[in-house]
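Engineer: Now for the letters of each chain:
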Amino acid sequence: MIDVEHVTKRYGDRLAVDDLSFQVKPGIVTGFLGPNGAGKSTTMRVILGLDAPTSGRATVNGKSYRDLTAPLHEIGALLEARAIHTGRSAYNHLLGMAQTHGINRSRVSEVIDLVGLTEVAHQRAGSFSLGMGQRLGIAAALLGDPSTVILDEPGNGLDPEGILWIRNLLKRLAMEGKTVFLSSHLMSEMAQTAEHLVVVGRGRLIADTTVAEIVEQASREAMVVVHASQAEELARALSGDGVTVEAGLDGGLEVRGLSAPDIGAIALREQIVLHELTPQRASLEQAFMSLTGSSVEYRTGAASRDAGDELAVAA
Amino acid sequence: MSALAPTVVPRRAGVTVPGVTFPRVVLSEWTKLWSLRSTRWVLLVSFIAMAAPGPIISAVQMGRWAHLTLHDRVTFDSIDAGVGGWHLAQLGIGVLGVLIISGEYSTGMIRSSLMAVPRRLPVLAAKVLVYAGVTLVLMLIATLISYFVTQAIVTEHHIQHGISAPGALRVVIGNILFLTVLGTMCVGLGAWVRNSAGGIAAFVGLIFVLSGLIDILPANIGNAVMPYLPLNAGTGVATHHFDNSHHLSPWGGFALFCGYALIILLGAAITLMRRDA
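Chains as they are written, first to last, in my numbering: chain A, 1 to 315; chain B, 1001 to 1277.
Derived from the structure by calculation, the hints contain no laboratory data.
All figures in this text were calculated on a predicted structure; none of them were measured in a lab.
Note that beta-carbon positions come from the ideal geometry of N, C-alpha and C, so glycine has one too.
Keep in mind that a hint or two might mislead.
Claimed, not checked - Selected chain A positions facing chain B (in silico; Cβ < 8 Å):
| no. | residue |
| --- | --- |
| 1 | Asp-51 |
| 2 | Gly-62 |
| 3 | Arg-66 |
| 4 | Leu-68 |
| 5 | Thr-69 |
| 6 | Ile-84 |
| 7 | Gly-133 |
| 8 | Thr-209 |
| 9 | Ala-212 |
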């Protein structure tokens, strides 16, 4: 269980996280979604005690991270930025971390095996590819067999094989009943793995919802494209409460609020010949964009306003 | 790369009493120190730098003894020559002291260290303890080798000093302690500045550059300030024969040097606790 309570983080003039509150519930995968620069990494760093919040607080299992006596057993983390000395081997990196908690060498070998780095375990981490580096980071996160795992953009920069590997890993962790908190800027990645979603933009909470709700919202925005012999008659027949019919491109109709079978039934009743009946679902990606779109726009607007402020100060 | 192994990991596998303890953090820092190739090299070079110059310079001087002026013969001090390697060794010990912590900041390793030990201060304390211990043991051995080999070499001209000669033991012990405290001070500089280039610059500036600056001040001011510079205060205890009279008492100077180190470590500790990693 991770609790973020009214966390605000300011770096100089820049407000990275703005009064953010949410909970990561135990035993499920929670996605942390937002465009780049939305404050996801900062929030995770605050949770992990690396950055002190300007105000508010974050707790892990009811305690501040800094007060955990065995943090590696409670929460494991993969940060977006590398956190490995390039001169040290994978094995010695993990051994150094393990020894702080009295975790023995066999567990170190076990997690190296688990992420598939056994063959390169004694090579300098600096020689690792991006994917191998991510695997080593995940090995470090799993070292203490924690019940909670935080992963910041785990798929970033990985090839398709690496992304598939991460996806399988997440499914495994979820199956084992671990609490997983996972950040991404890709909705499609989230939809595959996460159950709950925390969506942020410009450091603020935009939505705290389930994937099912987002999918439902996406389907609410679904429409059906219809081409018919008598388009105007059909449009009249279709119109009703909660139904909008708009003229589409090349004489077609865009119908919202009715399903394709409904439209087909109405057309049959009115004896209108249909030429095309195509349901078009809004993708999750579109649903996400419509959620975060306003915050992205706000950011662009704010940037120009900030520039204006600077001019005013200069004057 | 194989796919994820299908075995289910038992909870808290391989753990006796879970949790961070200071001895465990010390063991971790011990592993971290020795598992870097660069560290092992610098320690080896520092060892040789401490052990070799005294005997080598003494051997050269003895070889050309007949050509030395009377003044040179009289001022050749086999005690100072016996620990003369510190001039070289201090560079390696100081630079490595900075790097063992600044290297964690430049690579991002510090985040792993602080996630494992979120109270933070034990990380700095363990680093200081491990590095001081390693420096102490290595410099002890190197200094003893240097001292006794040097005395053996100068015996041919009967200018050797046994360890029981006045001041000899103090210089040998003082030399070991000076290098150890210097290493500790530099761990503090690295932790305070959090950057390798900056930390090394701070070390070189503090230890070597300051005295050059003081040299261009008027003599009366320079002479008054000179004894209190870190290097002059710290090396008095490792010096047998002083060239001029402007110096603190050997142990008084060393105490001041320890004070400087303590202030720097305090600054490092505050920085570590307050700043974001």
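Engineer: Now tell me, hint by hint, if it's right for this structure.
Structural biologist: Tested hints:
A hinted interface residue such as A/Asp-51 counts as satisfied when its beta carbon comes closer than 8 Å to some beta carbon of chain B; here the least separation is about 4 Å, so the hint holds. With its C-beta approaching chain B no nearer than about 15 Å, A/Gly-62 sits outside the 8 Å limit, and its interface hint is violated. The interface hint given for A/Arg-66 holds, since its Cβ lies 4 Å from the closest Cβ of chain B, which is under the 8 Å cut-off. For A/Leu-68, the interface hint holds, since its Cβ comes within 8 Å of a Cβ in chain B; the closest pair sits about 6 Å apart.
Hint status for A/Thr-69 relative to chain B: holds, with the closest Cβ pair at about 5 Å, below 8 Å. Given hint, A/Ile-84 at the interface with chain B, holds; its Cβ is 6 Å from that chain's nearest Cβ, closer than 8 Å. For A/Gly-133, the interface hint is violated, the least distance from its beta-carbon to any beta-carbon of chain B being 11 Å, above 8 Å. Evaluation of the A/Thr-209 hint against chain B yields a violated restraint, the C-beta minimum of about 29 Å exceeding 8 Å.
For the restraint placing A/Ala-212 at the interface with chain B, the shortest Cβ-Cβ distance is roughly 27 Å, beyond the 8 Å limit, so the hint is violated.
Against the hints set out earlier in the document, violations occur for numbers 2, 7, 8, 9.
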